[in-house]
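Colleague: This is what each chain is made of:
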Amino acid sequence: MREKGVEKLEGCEIRTEYEVFEVFVQKTQADPHIHVGSVVAPSPDMALVTARENFLRREQAVNIWIVPRDEVHATPYDDPDWFAREFDRKYREVGGYSENGRLWKRYRERAMHLEDIVRDLNGTPAGNSGKRDGGKGS
Amino acid sequence: MIMETADQAAQNPGCRRALAELLYQLADDELCLGHRDSEWLGLAPDIEGDVAFSSIAQDEVGHAVFYLGLLHELGEESPDRLAFFRKAEERKNAVLLEQPNGDWARTMVRHVLYDAFDDVRTEALVNSSYRPLARGVAKIRREEHYHLLQLKPWFIRLARAGGEARKRVERAVGEVWSEAGGFFSLGDEEEEMIRSGLIACGSEELARRWEMRVKPVFDEAGLTWPGLPPAPGKDGRRGEHTEDLTELIRTMSEVVVTDSAARW
Amino acid sequence: MNHDERHDRFMERLERGEKIEATDWMPDEYRRLLLKLIHMHAVSEIMGAFPEKEWVPKAPTLKRKLAIMAKVQDEMGHGQLLLRVAEDLAAPLGKTREDLIDDLIEGRVKFHNVFHMGSPTWADAGVIGWLVDGAAIINQAALLDTSYGPYARVLKRICAEESFHMQHGENIILALAGGTKEQKRMLQEAVNRWWEPLIFFFGPVEVTPAAQRMIDYKIRTKTNEELRQQFFNKYIPRIRSLGLTIPDPDLRCDEKEGKWIFTEPDWKKFGEIVRFNRGPKSQERIGLRRFAHEEQRWVREALVRSREKQPV
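Protein chains in written order, with the working numbering: chain A, 1 to 138; chain B, 1001 to 1264; chain C, 2001 to 2312.
For the record, the hints were derived by calculation from the structure and aren't laboratory data. Where is the CB? At the ideal position from N, CA and C, for every residue including glycine. Hints are not guaranteed to be accurate.
To be verified - Computed list of lysine to aspartate or glutamate pairs in EDC-like fashion (alpha-carbon distance at most 20 Å, straight line): (1) K2269/C / E1175/B; (2) K1087/B / E1211/B; (3) K2058/C / E1021/B; (4) K2234/C / E2170/C; (5) K2058/C / E1175/B; (6) K2095/C / D45/A; (7) K1152/B / E1175/B; (8) K2063/C / D1059/B; (9) K4/A / E2170/C; (10) K4/A / E17/A; (11) K2218/C / E2054/C; (12) K2181/C / D1059/B; (13) K2222/C / E2206/C; (14) K2222/C / E2294/C; (15) K2063/C / E1077/B; (16) K1234/B / E1039/B; (17) K2063/C / D1259/B; (18) K2063/C / D1080/B; (19) K2268/C / E2225/C; (20) K2095/C / D2024/C; (21) K4/A / D2103/C.
Unchecked claim - Chain C is nowhere near these chain B residues, computed Cβ spacing over 10 Å in every case: (22) E1048; (23) S1054; (24) A1083; (25) G1136; (26) R1160; (27) R1166; (28) P1226.
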């Protein structure tokens, strides 16, 4: 079915109505773009302008993407098997290694976690990290 | 001489007078235009554009509030009193901004011409000797930048579309041109404004810089440049206005005048 | 899969609490009911901008002026979000934004009764923000767990903004209620004007067949009367605490039944207002929308046309 709002003229497709653009907003440069909704607009540049006020009247952001609806390819919702994950995949998750804590105890040490590393890199002066780590064990 | 506070500005009566004059021009331009813009609420040609244009209206009124606040610091009345209770002849906005909107083409034409002017004017204020003004203007310029970004495409697209839209744009340019020259006037205090370093240049230079901004937009829109607009019949900066402003003030203050002592 | 099987599978999805999406298969009846509901919701937001918009140029302080501008802008923004949801539902029927607005102008879609009424004083702007929005918020919050995913998502966004509207409306009201004799009188008169339309706003007491189908499809989960009672619970004590009178001498709380007894509004009168656009302001406001949509079609057409002419 041909989309409404598009007409054929001398063999070319001519748009006669506004087009749907999906809107993605990036809050900070440490964040990914997140889909927030859509606008209809006569062209991509106008869509960018109206997207700002239609979706960012209060929130801050650093970037907006708009994408013509027709260019979005998606998985079907009504085929849940697309996302089937029936068997145990703990081996690829942190939770699959909970025994590390118990095993380290034999060596009088604690299991190490990424969060600790990030925290120590950000907060604690060099040289203190070991002390803090040890002091926290319980 | 750099003035950090209202008290410092008040020490030189001539300078204070020029500063107040300048602030009234800024405040009244923004208040009039913001008020007119808000009349489009619910009536713009598409819903998305309606929402977007309303933000511009809010920005303009917000800027007026800032300038009126500076006036209040100088010892003038409260921002609300200044906004709602001054008579037409006490107001310093350019006459073009008090006029009714007309159609969407005229609204866009007037806005783009004004935004370009405000860009030039605020540029001449970023190093103002009155620091509270300079600091505020730096913020305002960031918002105004977005206005031009949003409205310039409207202007150019409508003109380039040909047909009825182009005719309307051409007619609007013709209509507003006779009053657009009113932007550049700095009123009776122009010399003092420049002498005290409140603004970096005078009205002739503002007009020249404005032309450099606007002419390329006309080129892009495929419109003939009409030349610099003539000096207007009524100089709003000297308190000369039309019935349109009287009507605007009457509407704006319709509720508050019913009891000016009440809290609203 | 034949139609009945598809329908059964669809109902099973609803039973499991799954959300339905625009691209999913759905029964025609589900699509029709949803579209009718969301289309009406969308155009009500857009028409709802007008009664308050009248007070934007006249707002009595700069702060009020900015706040009411922002509020009306939000209403238009909600209209935009809801229209997008309605447009995607209507797309398989060959309808676009243009058609959905045409439907409003031609009277093929209804909008809420409250937006057919006049708002002759500043206090009306306050009461709309306080009570009309309050009623609308209860309605919308009750739809947050609707079975249609796209509707649920925009309602989440809308409800977040409505919380600002509640504060805005209350703030205007509190200023008037604590103000001069004249301001109090103005406020009481506005409450008198809006009470009956507000009772009507929630719809008939009995569950109509269409309303029952919406409940079956989990489009909505609460009945009109449950929502109206919720509104009474929340607002009657507050209205009274401000020293205002509610214009219903028979209004009382039946402690035993745990519900409010009220005088029913003139169902016929308001029904006709909504059905035939025969309210005091219906035609004037539809005229405003006609101006925006029809008389400015040249703007939209020009923008689409000049895109084609854009140098690449």
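Colleague: So, for every hint listed, does it hold in this structure?
Modeller: Hints, verified against the model:
For a cut-off of 20 Å, the pair hint linking K2269/C to E1175/B is broken: about 48 Å separates their Cα positions. Restraint check: the Cα-Cα separation between K1087/B and E1211/B comes to about 32 Å, which exceeds 20 Å; the hinted pair is violated. For a cut-off of 20 Å, the pair hint linking K2058/C to E1021/B is broken: about 26 Å separates their Cα positions. Between K2234/C and E2170/C the alpha-carbon distance is near 13 Å, which keeps this suggested pair within the 20 Å criterion.
Under the criterion of a C-alpha separation no larger than 20 Å, the hint pairing K2058/C with E1175/B is inconsistent with the structure, at around 28 Å. As the CA atoms of K2095/C and D45/A are separated by approximately 25 Å, the hinted pair breaks the 20 Å bound. The hinted pair formed by K1152/B and E1175/B meets the criterion: a straight-line CA distance of about 19 Å does not exceed 20 Å. Taken as a hint, the K2063/C and D1059/B pair is honoured in the structure, with Cα atoms around 13 Å apart against an allowance of 20 Å.
Distance hint between K4/A and E2170/C is unfulfilled; the C-alpha atoms sit about 44 Å from each other, more than 20 Å. Among the hinted pairs, K4/A with E17/A is consistent with the structure: their alpha-carbon atoms are about 8 Å apart, no more than 20 Å. Annotation: proposed proximity of K2218/C to E2054/C is violated, straight-line Cα distance about 37 Å (limit 20 Å). Between K2181/C and D1059/B, the direct Cα distance comes to roughly 35 Å. Violation of the 20 Å bound is thereby established for this hinted pair.
A hinted pair counts as satisfied when its Cα atoms are at most 20 Å apart, and K2222/C with E2206/C qualifies at roughly 12 Å. The suggested pairing of K2222/C with E2294/C is violated, with an alpha-carbon distance near 38 Å, which exceeds 20 Å. For the hint linking K2063/C to E1077/B, the alpha-carbon distance of about 16 Å falls within 20 Å, and the restraint holds. For the hint linking K1234/B to E1039/B, the alpha-carbon distance of about 24 Å lies beyond 20 Å, and the restraint is violated.
Simply put, K2063/C and D1259/B have alpha-carbon atoms about 17 Å apart, close enough for the 20 Å limit, and the pair holds. Among the hinted pairs, K2063/C with D1080/B is consistent with the structure: their alpha-carbon atoms are about 9 Å apart, no more than 20 Å. Proximity of K2268/C to E2225/C is assessed by CA-CA distance (about 18 Å); at most 20 Å being required, the pair is judged to hold. A C-alpha spacing of about 18 Å is found between K2095/C and D2024/C, which places the hinted pair at or below 20 Å, so the restraint holds.
The straight-line distance between the Cα atoms of K4/A and D2103/C is roughly 17 Å, inside the 20 Å bound, and the hint therefore holds. Residue placement check: E1048/B does not keep its beta carbon more than 10 Å from all beta carbons of chain C (closest about 6 Å). Remark: the non-interface label on S1054/B conflicts with the geometry, its nearest Cβ contact in chain C lying 4 Å away (cut-off 10 Å). With 10 Å as the threshold on Cβ separation, the claim that A1083/B sits away from chain C is violated: the shortest Cβ distance comes to roughly 6 Å.
Interface exclusion of G1136/B from chain C stands, the closest Cβ pair being 16 Å apart, more than 10 Å. The non-interface label for R1160/B is inconsistent with chain C: the shortest C-beta to C-beta separation is roughly 5 Å, within 10 Å. Not every Cβ of chain C is farther than 10 Å from the Cβ of R1166/B; the closest lies at roughly 8 Å, contradicting the non-interface assignment. Taking the minimum C-beta to C-beta distance to chain C, about 21 Å, the non-interface status of P1226/B holds against the 10 Å cut.
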